[in-house]
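If you read the sequences in order, they're chains U and A.
Residue 33 in our numbering sits at position 33 of the first sequence, with consecutive numbering throughout.
Residue 526 in our numbering sits at position 526 of the second sequence, with consecutive numbering throughout.
Calculated directly from the structure, the hints in this document are not laboratory data.
These numbers were taken from a predicted model, which means no experiment stands behind them.
Cβ coordinates follow ideal geometry from the N, Cα and C atoms, glycine included.
Among the hints, erroneous ones may be present.
Unchecked claim - Quick look at which bits of chain U chain A covers, simulated, 3 or more residues with Cβ under 8 Å: (1) 8 to 17; (2) 33 to 41; (3) 88 to 102.
Claimed, not checked - Which residues of chain U face chain A? A partial, calculated answer using Cβ under 7 Å: (4) GLY23; (5) SER25; (6) GLY168; (7) LEU169; (8) MET217.
To be verified - Derived lysine-lysine pairs resembling DSSO-like cross-links, with alpha carbons at most 30 Å apart: (9) U:LYS251 <-> A:LYS400; (10) U:LYS252 <-> A:LYS471; (11) A:LYS321 <-> U:LYS252.
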Amino acid sequence: MTAPLLELRNIETYYGPIMAIRGVSLTVDDGEIVAVLGANGAGKTTLLKTATGALNSNKGKVLLDGEEIQCRDPDWVARKGIAHVPEGREVFPFLTVAENLAMGAYTRNDTDAVENDTATVYGYFPALLEFKDKMAAYLSGGQQQMLAIGRGFMARPRLLMLDEPSLGLSPALMQEIFGIITRLNEEQGLTILLVEQNANVALRVSDRGYVMEVGGMVMDGPSDHLLESEDIKEFYLGKKEEGVRGRRRWKKRKTWR
Amino acid sequence: MSDTTVTVDGCDTLPKLFLKKTAERGDRIAMREKDFGIWQSYSWSDYRDRAFEIAWGLLALGLQRGDVVSIQSEDCREWLWADVGILLAGGVVNGIYPTYQSRQVEHTLIDSSCRFLFAEDEEQLDKYLEMEQQLPNIERVFVFDWTGLRDFEHDKVEPLDKLFEIGQEFGRDNAGMIEKIAEEGSGDDLAALVYTSGTTGMPKGAMLSQRYIVFQMTIAPDYLRQQPDDELLTYLPLCHIAERVFSGWLPLAHGATINFAESPETVLKNLQEVSPTYMFAVPRVWEKFYSRVTTAMSEATWVGRWAYELAMRVGLRRADKLVAGQPLSTIDRFIYALADLVVFRNIKKVLGLDRTRNACSGAAPISPALLKWFLAMDIVIDEAWGQTELGIITSTRKGKFRFGTVGPAMRGAEVRIDDNGEIVARSDGQFSGYLNLPEKTAETIVDGWIHTGDVGELDEEGNLSITDRLKDIIITAGGKNITPSVMENELKFSPYISDAVIIGDKRKYLTCLVMIDQENVEHYAQTHAVPFTDYRSLCARAEIVELIDTEISRVNSGFSSVEQVKKFRLIDVLLTAEDEELTPTMKLKRSFVSEKYGDLIDSMYAGKS
Numbered sequence: 001m002t003a004p005l006l007e008l009r010n011i012e013t014y015y016g017p018i019m020a021i022r023g024v025s026l027t028v029d030d031g032e033i034v035a036v037l038g039a040n041g042a043g044k045t046t047l048l049k050t051a052t053g054a055l056n057s058n059k060g061k062v063l064l065d066g067e068e069i070q071c072r073d074p075d076w077v078a079r080k081g082i083a084h085v086p087e088g089r090e091v092f093p094f095l096t097v098a099e100n101l102a103m104g105a106y107t108r109n110d111t112d113a114v115e116n117d118t119a120t121v122y123g124y125f126p127a128l129l130e131f132k133d134k135m136a137a138y139l140s141g142g143q144q145q146m147l148a149i150g151r152g153f154m155a156r157p158r159l160l161m162l163d164e165p166s167l168g169l170s171p172a173l174m175q176e177i178f179g180i181i182t183r184l185n186e187e188q189g190l191t192i193l194l195v196e197q198n199a200n201v202a203l204r205v206s207d208r209g210y211v212m213e214v215g216g217m218v219m220d221g222p223s224d225h226l227l228e229s230e231d232i233k234e235f236y237l238g239k240k241e242e243g244v245r246g247r248r249r250w251k252k253r254k255t256w257r
Numbered sequence: 001m002s003d004t005t006v007t008v009d010g011c012d013t014l015p016k017l018f019l020k021k022t023a024e025r026g027d028r029i030a031m032r033e034k035d036f037g038i039w040q041s042y043s044w045s046d047y048r049d050r051a052f053e054i055a056w057g058l059l060a061l062g063l064q065r066g067d068v069v070s071i072q073s074e075d076c077r078e079w080l081w082a083d084v085g086i087l088l089a090g091g092v093v094n095g096i097y098p099t100y101q102s103r104q105v106e107h108t109l110i111d112s113s114c115r116f117l118f119a120e121d122e123e124q125l126d127k128y129l130e131m132e133q134q135l136p137n138i139e140r141v142f143v144f145d146w147t148g149l150r151d152f153e154h155d156k157v158e159p160l161d162k163l164f165e166i167g168q169e170f171g172r173d174n175a176g177m178i179e180k181i182a183e184e185g186s187g188d189d190l191a192a193l194v195y196t197s198g199t200t201g202m203p204k205g206a207m208l209s210q211r212y213i214v215f216q217m218t219i220a221p222d223y224l225r226q227q228p229d230d231e232l233l234t235y236l237p238l239c240h241i242a243e244r245v246f247s248g249w250l251p252l253a254h255g256a257t258i259n260f261a262e263s264p265e266t267v268l269k270n271l272q273e274v275s276p277t278y279m280f281a282v283p284r285v286w287e288k289f290y291s292r293v294t295t296a297m298s299e300a301t302w303v304g305r306w307a308y309e310l311a312m313r314v315g316l317r318r319a320d321k322l323v324a325g326q327p328l329s330t331i332d333r334f335i336y337a338l339a340d341l342v343v344f345r346n347i348k349k350v351l352g353l354d355r356t357r358n359a360c361s362g363a364a365p366i367s368p369a370l371l372k373w374f375l376a377m378d379i380v381i382d383e384a385w386g387q388t389e390l391g392i393i394t395s396t397r398k399g400k401f402r403f404g405t406v407g408p409a410m411r412g413a414e415v416r417i418d419d420n421g422e423i424v425a426r427s428d429g430q431f432s433g434y435l436n437l438p439e440k441t442a443e444t445i446v447d448g449w450i451h452t453g454d455v456g457e458l459d460e461e462g463n464l465s466i467t468d469r470l471k472d473i474i475i476t477a478g479g480k481n482i483t484p485s486v487m488e489n490e491l492k493f494s495p496y497i498s499d500a501v502i503i504g505d506k507r508k509y510l511t512c513l514v515m516i517d518q519e520n521v522e523h524y525a526q527t528h529a530v531p532f533t534d535y536r537s538l539c540a541r542a543e544i545v546e547l548i549d550t551e552i553s554r555v556n557s558g559f560s561s562v563e564q565v566k567k568f569r570l571i572d573v574l575l576t577a578e579d580e581e582l583t584p585t586m587k588l589k590r591s592f593v594s595e596k597y598g599d600l601i602d603s604m605y606a607g608k609s
């Protein structure tokens, strides 16, 4: 059996004295889309930041292709092939769209290929081509999200990590973006680790999913299984049985089975 | 049935005693419960007023003497108010476990011909509503907590406050009625139904008389040393006879103050806040204390660990001397005082046991090693024994340490061993039979003696020791008799094992199903870099299986070859109180588990034979 592309083992990360992640393990295989679900404050973003080296873990290992990469500088990790699309886009507002994309390819020196990839990005996101020379700050939220994903892709990473791409997007735009994420995975063979609050859309596009609660993993499995789980339905998809009175307020106990 | 009259303070029924005691105690605090996170107190007068209003309310709605009223709720002040209120009105109380699912609730409500139901909140109410059609006998339902039901309308369902209103109005015109009903009552009156979880078939309703209750009140303070100034923490279900005795009846008779834990999950936290002076717990909770301390110690600095180990050595030596009845020298006392000051006092403070004067364990067998560990910290745990049908009838006595026995029979009770080894007992307050089940009653009560279904021995001092449940005794294919509970208790003493069920009846060798202690095993996995995601994956890790294997081998070494567990499997589903695999006190049900996990068990006997 080959080693997974990314593996987290018993990661513990602190913010000062506060333990934000208490022992989390996860694997992402080559070519997969893996979703991590969880409510606000569950530790999803912390998990991504720990994987990319933006935060140092106090315990545990991060393995990329079997090689330990934990507690290294983020730029070193980025060169190793992990691209991180942060929560809230974080495009460079005063650079143009084209410059933003070029920033994504900063670590590369294969000029021809970069040009090719830029064309690919414009192919996936025609809107970006249209505003190619506009400052990124003038783009809409959805376009900025596209740009952030495009910028991540420009590094030609082995693993693209997306932190809440659905944040602040209209349902239609969200469908579009997740459609493109799926295509990137299928057509470009890009492995994707996706952190989302929107469980419904995340589980539909992903192969496998993990559920995080208060800093720990409580459940994992193939996404179609998770979609059928009673707890996921009630607590993440908002599909609860109405109960005998037609309006049930009390919550069932989570069992994560 | 016994003809002796049992009394406490000259009262032979709970209502008579309640009227007397609440008048005496007045504004003293009877109970505390948290409201929005702040402890609120309720006096004995409050207790009396609320119980009176409930009683009047039920009488206004036509309750007749002997009618059954059910309470389906977690522990809370209203539980006890309703409990006493029903009895004051001449009714019979049936407590229903809040963890029961609808169909289990349905059986007890129909079997008992229940007329009125108290439900804790909308969650419990929904269970009733789901089976409303099958329950025409329920006339009214009163809900303690109306939150989330503001717009809900139903001609049978109302908030508890409504019953208070009905009661207040009825009480104005019928002063003296409750006192009169109490006066007419006698010890023979049926007071409560307690449904015992039938491991096979439907639960059976044990009928408890007023005499049963009053007899249980007489066991303190001589045997179970609960005193008027004691503080208790109430956290086990009040439907269970043990918590009803310790938190319901004994405080009523003797005046201790009870504090309701917020929820089963917060018990350890609430313990620290309350720091009870009298502590009753089931072995599972005592085991939890132990495993918390051992886990904390494994993480402590080397100084902390060294001090703990040293203090434990001192404590255990003292415990040995106490058990052997040897006197303690001045030096012993001095060294122990030092160990207590530096180590034990702090541990006890963290556990919330620093004010504990008396402690008691019951409802399941406890490991002698655990009792000794607590004795080392100067926490003397009495072991009491009984069952729903008998009440609590034996207890160890302070100053006498006979680990492994549950002490001699109490005053008013007798215990003997039958020819087949079964414990047979009688008491002045034993139950009156199973509701609607004359045959079962006749099987259990023979010539006035109750056949307990437990196997045990009596020593020359009359101390009873429990071997096991008669039907749980394993006879292996080789013809060897094995009592599984001895080894199970040793296994449970491990911080990594929450519960274990040994299997092997008519089999070649013994095997075991293990429920791991989630908290401690997760902690172990984390400190030993064993990756896992959820509970199932944790149970599947080879390192964890190996950890449990080590624990089992360690316990095995104390047993002869035929008594050793040869194979085991972990139950990889995280069980909760709602699951039928567990009793309300979170013990694995042997028969249920061995049926449900039949395939898993068979896999341990498959292959080479």
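Checklist entry - How about GLY23 (chain U): closest beta carbon in chain A under 7 Å, or not? => result With a minimum Cβ separation of about 4 Å from chain A (threshold 7 Å), the hint on GLY23 (chain U) holds.
Next on the checklist: Tell me whether the statement that chain A covers the stretch 88 to 102 of chain U is true, taking a Cβ distance below 8 Å and needing three residues at minimum.
Outcome noted: The restraint on the stretch 88 to 102 of chain U is violated, since only 0 of its residues have a Cβ under 8 Å from chain A and three are required.
Checklist entry - For the stretch 8 to 17 of chain U, do three or more residues have a beta carbon lying closer than 8 Å to a beta carbon of chain A? => result holds (count 4)
Item to check | Restraint satisfaction for MET217 (chain U) [CB to CB of chain A, less than 7 Å] | outcome: holds (4 Å)
Next on the checklist: Take the shortest C-beta to C-beta distance between GLY168 (chain U) and chain A; is it under 7 Å?
Outcome noted: violated (30 Å)
Checklist entry - Between LYS321 (chain A) and LYS252 (chain U), is the straight-line Cα distance small enough, at 30 Å or below? => result violated (51 Å)
Checklist entry - Regarding the pair LYS252 (chain U) and LYS471 (chain A), is the alpha-carbon distance no greater than 30 Å? => result violated (35 Å)
Next on the checklist: What's the verdict on LYS251 (chain U) and LYS400 (chain A), does the C-alpha distance respect the 30 Å limit or exceed it?
Outcome noted: violated (48 Å)
Next on the checklist: So is the stretch 33 to 41 of chain U in contact with chain A by the C-beta rule, three or more residues under 8 Å, or is the coverage claim wrong?
Outcome noted: It is violated, with 0 qualifying residues against the three required.
Next on the checklist: Would the hint on SER25 (chain U) be counted as holding, given a Cβ-Cβ threshold of 7 Å to chain A?
Outcome noted: holds (3 Å)
Checklist entry - When the nearest CB of chain A is found for LEU169 (chain U), is that gap smaller than 7 Å? => result The hint is violated - LEU169 (chain U) has no Cβ within 7 Å of chain A, the shortest such distance being about 29 Å.
Consistency with the previously given hints fails for numbers 2, 3, 6, 7, 9, 10 and 11, ordered from lowest to highest.
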